[in-house]
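Just need the whole structure built from these sequences, with the hints factored in.
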Amino acid sequence: MKRALLILALVAAPALADDSMPAAPYAYVQLENPAQEAKAKALMETIRCLQCQGQSIADSDAQIAGDLRSQVRIRIKNGEDPEAIRSWLVDRYGDYVSFAPRVNSLTWPLFAAPLALIGLAFVLLRRRFAKGGA
Amino acid sequence: MTAATPQATARWHLWLPLVLFGAFVVLLLYGLLRPADRDIKSAMIGKPLPQFALRPAAEGLPGLSFADMADGKPKLLNIFASWCVPCAAEAPQLAQLRASGVEVVGVAIRDKPDDLKRFLTRNGNPYSRIGADDASAIQFEIGSSGVPESFVIDGKGIIRYQHIGDIRADQVATIVTKVREAGQ
Amino acid sequence: MIATLGLAALWLAAALAALQLLGGFLALRSPENPLAMAVRPIAVVQGGLVAVAMICLVVVFCQTDLSVLLVAMNSHSAKPLLYKFAGAWGNHEGSMLLWVTIMAMAGGFVALVERRLPEPTILATLAAQAFVSLGFYAFLLFASNPFTRLDPVPVEGQGLNPLLQDPGLAFHPPTLYIGYVGLSIAFSFAVGALLTRAVSPTFARAMRPWVLGAWIFLTLGITFGSYWAYYELGWGGWWFWDPVENASLMPWLAATALLHSVSVLAARNALRAWTVMLGVVAFSMSMVGTFLVRSGILISVHAFAVDPTRGQFILALLAINIGAALTIFALRAATVTEGERFALTSREGALVFNNVMLTGALGIVLIGTLYPLVAETMGAQVSVGPPYFNPATAIFVLPMLVVLAIGPLLRWRRDSMGRIGKLLLAPLALGVVALGLFALQPIHLLPLLGLGLAAALVVATLIPLWGRNLRTLKLPTWGMVMAHFGVALALAGMASDSAFTSEKLVAANVGDKVELGPWSITFDRVEPVPGPNWTALEATLHASYAGGEPIELKPQARAFWSPPQPTTESALATRWNGQLYTVLGEQAEDGRWQLRLWWKPFVTLIWLGGMLVALGGFLALLGRVASDLRRLVAIDKIAYRRTRQGR
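Chains as they are written, first to last, in this note's numbering: chain H, 1 to 134; chain X, 1001 to 1184; chain P, 2001 to 2647.
I should point out that these hints are in silico values taken from the structure, not numbers from a laboratory. There's no promise every hint is true.
Distance ranges between label pairs, derived from CB positions [unchecked claim]:
no. : chain 1 : residue 1 : chain 2 : residue 2 : range
1   : P       : 2170      : X       : 1055      : 27 to 37 angstroms
2   : X       : 1053      : P       : 2515      : 37 to 47 angstroms
3   : X       : 1047      : H       : 22        : 29 to 39 angstroms
4   : X       : 1047      : P       : 2373      : 47 to 57 angstroms
Examples of chain X residues toward chain H, derived with CB under 8 angstroms [to be verified]:
no. : residue
5   : 1136
6   : 1143
7   : 1146
Bear in mind the structure is a predicted one, so any value in this text is a computation, not a measurement. Even glycine gets a Cβ: it sits at the ideal position worked out from N, Cα and C.
Have a look at this one:
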């Protein structure tokens, strides 16, 4: 229960990291260019908040999430590609930081799963309808 | 004869759900019994620090830049803040490291000079330099996800070791060893 | 005193469950065994006793009897009565007692009313139910006793976690629980029918109301939980693919598939082994869900009463119950013949497609949720989130929704697309027009497909009413149409939210005016507001839609003080065409306030659709139960006449 409360506290709390500094420039400020902001927003929704862990940086009040939002927006503003920013983060924190798993030797079963499930259904049903077609 | 074969395969199929379920339970059991290590480790170990230059965070102490880190001597880079409670708790250990010859440099996250001054007066100052990081920028560059964290950096500015959380008394020796290794 | 009574009732109920299991087991050998004859009454009394135990717990909570450890840990004499009452299940022990109560009462109800199935099948079903219950009794009595006493008695209780002090607590957990546990009846029916080789349309008809009932509560629980998270977390999100959310979605997907396959079995005596399998899967997903929520093995926003040791107990129960059921399945399923065959283009064909796609989606959610754990066994940490779940589930859900438009129009056994093609022209045209219109705007592929499909479905789901006499139309048909229409609305809401939401983050001075889409919002003032156990800063906003009468909104930033915790309370303005969502953030050094504003066109359709789906289920249940009762009365009359004639 204690740990659950702790997690809740981290989720809810800007006050836990009780610094008095103003938020980073683009933590709570949108980019002026709507197309860039849309790109930044889409990326932020798929980056894990480092302290709250259960949430994306787009859904968190944690200070470090705000700082990271600001980083993302500034980089997008400077013309960086969202996927390049994602790679930059993965290079520093590992795959864990991104909610969008990359296809690699470890994660391929995730991407094979839909195909495998459809294949399985096909095998099971083909017999059924072939015999029962009449 | 011909009728028996499909039935045999059919029976074999019927055990499949149970086998899959068994694997599933083993997976959940593994999840339950594994040590609850929820730290996010930096993926930057073995890679160099970025080019950076941070302004001085406290009066009377110089700021921090890449050139200061890559001066040939290994150092302990301590990420901290005056508003962080465990950071005060690890102050005696940092002092101890300093006493055993480890050069400790600090990066103060989102901190104000006055708060920092009070913090150093209260807890002592183990740092030779403190750079101010107002937007957690260096933190992101080196893959740190909170305060306090400490990184062993070798003389060429390459990250050798990461310690997550406050340094406890029994962990000082490990860190001294890591710094020595980085110096070789 | 009352606590002792509750504990005694619980022990007695557990003993009766053991007897019930034994009796049901003996009945498999010799139905004339006296203990076998006593199984039904035992089940009824067992249900009554657990209900007494649950009432005792509620009473000690309402009285704040601090000699009970659980009350002292989770309650406080000064708490409002609603939270004292709901606090009885707002903790681990109480919620497990609620679980057993629902389970035993449902079992007692089956024992009391179900007379269609052969007696041995019912007794085997009740034995299976007792077997599952016994595990939970053991869990309660040995590892999480809700009636443990405290000596000396403390002066005051520790209070309830402030985040749980929301009316949502009184409603959301019990609703989900009734759904989870209701599926245990479907599970027991499946096991009972396997043991006695009685998988038949009658079995499907007996099981259907239970599946339907559980499914209604799961639907309501998920819908409500999603809305709770939406207004509470303060960022406008309503579904995060979080492990705890997935844990409630998985039993729902399985139950939805089961609901449709049970119809095929009841109407056409087909999909026999598959339906039994789904009965087992659905309840195992309930237990997996409980396990994931309680053990804390996956990181979640909604973590609740997390404790790995409890996780071990639940995992053991899961392994024993489901392992046993799957073993029985493997031994017996070969004797369950496949049943009637049918053509691909037929009502059954469409329902099979529905089942395959729902099961596929279930598979994706299960794999995606647990994959981080799989990766950890290989020493790596990965995250699986919306960028995986959205497209991977859409692969299954979107084609299923296309068939949803067609299936209800098809006849059983064999049909042709030519016959119904004309009926589908209107929705097809509407869907294509919608797709064309929205494709001109910068909308991502998935929301775009969702919008087109929703436009087609809103019409297509109503076609089964076309040309029918609405006055004589049966309730289950009304229910089906309403539920499918609800799905169309929910899809429209989801797609519209992703496609059209506009967001504005501003630093505003008091008196500033902000434009957001059709809204014009004035920031009037910020004042401190005292609450019972918090203080809040409350902003007053006046929002005017397209120059109309301004609506007042009062978002708060709350600070609870025991334990100290800040929360944001969003303020919502609901219109027929969407919701304005406002949040008050922090004050910057220059005195300006952070405001977060969203205009979400038609987002409310998500939950309205969910409610309609549940309501449709309720209509169907009402229709089924009414016709079952009529049949029961008729059978009784015939039996009565026969005995009189016999004399």
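(Q) Under 8 angstroms is the threshold here; is the Cβ of residue 1146 of chain X close enough to any Cβ of chain H for the hint to stand? (A) With a closest approach of 6 angstroms, the residue 1146 of chain X hint holds.
Starting from the hint 47 to 57 angstroms, judge whether the C-beta atoms of residue 1047 of chain X and residue 2373 of chain P obey it. 29 angstroms, violated
Review point. Taking the CB of residue 1047 of chain X and the CB of residue 22 of chain H, does the distance hold inside 29 to 39 angstroms?
Key: 31 angstroms, holds
Q: With 27 to 37 angstroms as the target window, see if residue 2170 of chain P and residue 1055 of chain X comply at their CB atoms.
A: 54 angstroms, violated
inquiry  = Just to be careful: measuring from the Cβ of residue 1136 of chain X to every Cβ in chain H, is the smallest value less than 8 angstroms?
reply    = 4 angstroms, holds
Quick check: does the Cβ-Cβ distance between residue 1053 of chain X and residue 2515 of chain P fall within 37 to 47 angstroms? The hinted range 37 to 47 angstroms holds for residue 1053 of chain X and residue 2515 of chain P, with Cβ atoms some 41 angstroms apart.
- Task: Grab the minimum C-beta distance from residue 1143 of chain X to chain H and call the hint holds if it beats 8 angstroms, violated otherwise.
- Result: The hint holds - residue 1143 of chain X has a Cβ within 8 angstroms of chain H, the shortest such distance being about 4 angstroms.
The structure fails to meet hints 1 and 4 from the earlier list, while all remaining hints are met.
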